[in-house]
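One letter stands for each residue in the lines below.
There are 4 protein chains.
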Amino acid sequence: MTRFGFIGMGIMGSAMAANLVRAGFEVVVWNRSPQKCAPLQDLGARIARTPRALVAECPVTFAMLADPQAAADVCFGQEGVCDAMVQGKGYVDMSTIDAATSQRIAAAIREKGGRFLEAPVSGSKKPAEDGTLVILSGGDRTLYEEVEPAFAKMGKRSFYLGDVGQGARMKLVVNMIMGAMMAAFCEGLVLGERGDLDPETILEVLDAGALANPMFRLKGPRMLAEDFAVNFPLKHMQKDLRLALLHGDETAQPLHVSAAANEAFKQARAQGLGDEDFSALLAALRTNSG
Amino acid sequence: MTRFGFIGMGIMGSAMAANLVRAGFEVVVWNRSPQKCAPLQDLGARIARTPRALVAECPVTFAMLADPQAAADVCFGQEGVCDAMVQGKGYVDMSTIDAATSQRIAAAIREKGGRFLEAPVSGSKKPAEDGTLVILSGGDRTLYEEVEPAFAKMGKRSFYLGDVGQGARMKLVVNMIMGAMMAAFCEGLVLGERGDLDPETILEVLDAGALANPMFRLKGPRMLAEDFAVNFPLKHMQKDLRLALLHGDETAQPLHVSAAANEAFKQARAQGLGDEDFSALLAALRTNSG
Amino acid sequence: MTRFGFIGMGIMGSAMAANLVRAGFEVVVWNRSPQKCAPLQDLGARIARTPRALVAECPVTFAMLADPQAAADVCFGQEGVCDAMVQGKGYVDMSTIDAATSQRIAAAIREKGGRFLEAPVSGSKKPAEDGTLVILSGGDRTLYEEVEPAFAKMGKRSFYLGDVGQGARMKLVVNMIMGAMMAAFCEGLVLGERGDLDPETILEVLDAGALANPMFRLKGPRMLAEDFAVNFPLKHMQKDLRLALLHGDETAQPLHVSAAANEAFKQARAQGLGDEDFSALLAALRTNSG
Amino acid sequence: MTRFGFIGMGIMGSAMAANLVRAGFEVVVWNRSPQKCAPLQDLGARIARTPRALVAECPVTFAMLADPQAAADVCFGQEGVCDAMVQGKGYVDMSTIDAATSQRIAAAIREKGGRFLEAPVSGSKKPAEDGTLVILSGGDRTLYEEVEPAFAKMGKRSFYLGDVGQGARMKLVVNMIMGAMMAAFCEGLVLGERGDLDPETILEVLDAGALANPMFRLKGPRMLAEDFAVNFPLKHMQKDLRLALLHGDETAQPLHVSAAANEAFKQARAQGLGDEDFSALLAALRTNSG
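Protein chains in written order, with the numbering used here: chain A, 1 to 290; chain B, 1 to 290; chain C, 1 to 290; chain D, 1 to 290.
Check before you lean on any hint, since a few could be wrong.
Because identical chains share one entry, a pair is satisfied inside a single copy or across any pair of copies.
As the list claims (entries may be wrong) - When the alpha-carbon atoms are kept at most 20 Å apart in a straight line, the in silico DMTMM-like pairs for lysine to aspartate or glutamate are as follows: (1) Lys153 - Asp207; (2) Lys235 - Glu250; (3) Lys239 - Glu250; (4) Lys36 - Glu200; (5) Lys153 - Asp67; (6) Lys36 - Asp163; (7) Lys156 - Asp207; (8) Lys153 - Glu204; (9) Lys239 - Glu148; (10) Lys36 - Glu26; (11) Lys125 - Glu276; (12) Lys125 - Asp67; (13) Lys153 - Glu129; (14) Lys125 - Asp275; (15) Lys153 - Glu250; (16) Lys156 - Glu200; (17) Lys125 - Glu79; (18) Lys156 - Glu204; (19) Lys239 - Asp249.
Keep in mind that the hints were calculated from the coordinates and are not lab data.
If we strip away everything but chain A, and leave its shape as in the complex, we get (with noise of 0.2 Å):
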């Protein structure tokens, strides 16, 4: 039976892991404050004590970790994931993080002779449970096929991208499409609902035809009810597109409906709507609207 580490055990990482584990794969966790991996003891999961501990023991491990600042932690830190590194073990880090933090990480693991494979997932906790993620992955070839039968259980649909860089690229990609399609149907649906349109009609109508998409179906009812619970917080998708829009400007890739959808979202962290969820950008159009 493979033998799995990770390392994470937020909402995330907790759910992949349980995903994992309830595949029958034997699974190492690890998690900063302890008591978090007391549910996937209960499942059968060990506990090791330190990530490097827990490195040691395991062929390849997987990290979810909340930023770039937790994920450098991890593997620099003191009784870190570098200190275990050998000769061909694997990492693969699942983490959101920039391409600097990326590329510090896959060197230190490469300079050890480990195997790097940074694999960000689009999708939030609905899918991580149902193991429905999308896995975006680059770095080592070898170690991505090793992890496909993981990827499977955590994934609907894994994609290995070519090198280190480009899971985190495709990600902002999709990031960039999902907030100006966000922006299209929020712009949508204040433009109807000005001209006496049913919103809720509005919802059906676009469910009937070509446009239709999981995003509209799943967020378009909660949003008409001005339930913003967050899911993607809004800052965050903000976020990623003004990173999205430094990488068109350093390719020089105008690219006009994104930088507006930019300042939109803009204008939402700017009415105290950062911590919403991102489709709250709806309530800050509808202020506009005042």
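With chain A held as given, fit chains B, C and D onto it using these hints.
Same frame as chain A, but now just chains B, C and D:
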């Protein structure tokens, strides 16, 4: 057996009328160029000599015409629809026409005692053939209810949206969202290409996630092959964006993202792409990247 | 001594007519509300009973009216300008009116053998009083040359731009630039404020450099004092941006920056600032920063 | 007689140092390529062998270097400024550098007991020669007061704006407004051309009204002649817009118009105009109109 008139045997109208014939309705057709009626006759439809003659023998008549001018001509011209309109007859104009023309036709029909329904559709050639249009109607409610069985053969969904004008308005909202979504899609594709991501993989990734929708799925592969065979002309998409923005103007509703999309499509027109499919925006964005 | 008629004694017209009187021209005036003619009479102007009577006794008549409707009424109404128009007489409409109304008036004047000049102005109350308007004329060239001495008293510069329509078009170009410049100015001020720069110092810095212009100089200090006393209403500025963009639409000319400015002014309208001076855009941008 | 050091004899620095010499100050100069010091020597300046030697003999030293790297090298390199910095000496960096480099230099100078002033300028070659720059300074106030007589010879206005960083920030605000104004100007010109207005007349009309400014006046005629000889490179203008927008991002300040201008300049870069003057945006807009 219910008898329906159908005026306008263009690409859309002939497919829609054929679905009525095949569903077993008695159908009488008319077209300015009579030879276009032949295929329908082969299917079992009868041909009327003039719009007036057609309306005279049908309790309810559908029309699907190329533009507002054609819609007005058929209605107000010599031997036109109005000449035969009497108390209780129904007239369902499914053409995409401006509000003013729609109101003018509605008033004329009502003055004769007739009942009027505007019913523009979302969807083009393929959905017309497959009977999977989305029908957006406004006007006489009793007429809507009477023609629902016919709508059910021409479309997969039909909506009654209120007064004359609300059907056209809903179509504008949908098309505005469609235009901005297409622009977002194109920007994402070119940004990905700039970052050495395989564009076909971008399509796969999008189709695996929460943004998956028929438009991306059907048009995406053709767009990558630079096949912009016209389905919905780019210049018409830009016109709809302009009209939607003007509606926003009347109601003091800022629409930053759609306004940027409108300028992007204008730019594509400036590059000579107005008569291509609206997905040719991709070619315009790639040119910018020269 | 040349005799001129002058129709319309509003804020602009009365100041302009007064400059003609003071320059020694014989001036006959008319206004719908007759009491507004009194100050001109005090200066030495004569009052006509109707537009018709006025035109009957003056070889050349100027008009400065509030809107297209007023301009049309004075021309086509009972006892109107057209009733007295004969071969060779001149009519100079300095109102800001749409192209269609302008063409309609031009056609009516010409049909009677008269000569027509549209001559909208750039500048508002203060330049009207000071005789420093910029006059943008199109139409009959001989008439332009005849009235140049009068233009020289009302404005500091006058331009002959070609056919009827070119005066209005030039005004649209100037106002579009003005709107976008104002938006740029406001964005710079709020960005500076966000960065703890003293806004009065920003004004000083701007006025010391290559961007220094009368608009920033005159409006800037009032804007910082939140004094948006109306000089040119925000809603009119936004209307001019809309018209300029529609002109861009007709000619397939993308205008990304002006389109963004248009939406920004729409947003200010949505916040209830439409009747303030167009510099109140600053207040809208600050609100966004809430 | 006050003695000043001056480091950096590029186009800007040599003109600025020359103005100090001509004003009667004793000036010691240094440049990486020593031959560029010759003209200044001819005017009466002395040449130092290294930055360290220069600082050692001057109580106050100005620097005007090409970019942040050059500014850092001169300061931190072997035989650099820091090596000779002691209690009370002044260092005035007039280069346009990023906040991080500026802070790093400021910290190093202060650690040695020196006084630091950042003083980026608004204006390019001609104002540098004419002594009409606008100087935007931040940092040590006593140093600002001491160098005011020198600033008065290099610029027509100098401003003390607060801490280190505020000079750079003010420059960003001014340049953001400049970029958006240039974009507005270009859009107006092309729209006018599309409407058959004579572009030279548009310049005259603009120069007669409330928008008249030196930038339109000086650059306009060259732009119409497609003379885009570089004064301020387009790619630098776009970089400043990007930095200004990022500042807006940090402070949640939406800047829709400047964001659109940023994308417009990116588009010009995509068309290969990055190394032309920033007024070459006009050529990019005309291309769009193809």
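Which hint numbers doesn't this structure obey? 4, 5, 6, 9, 15, 17
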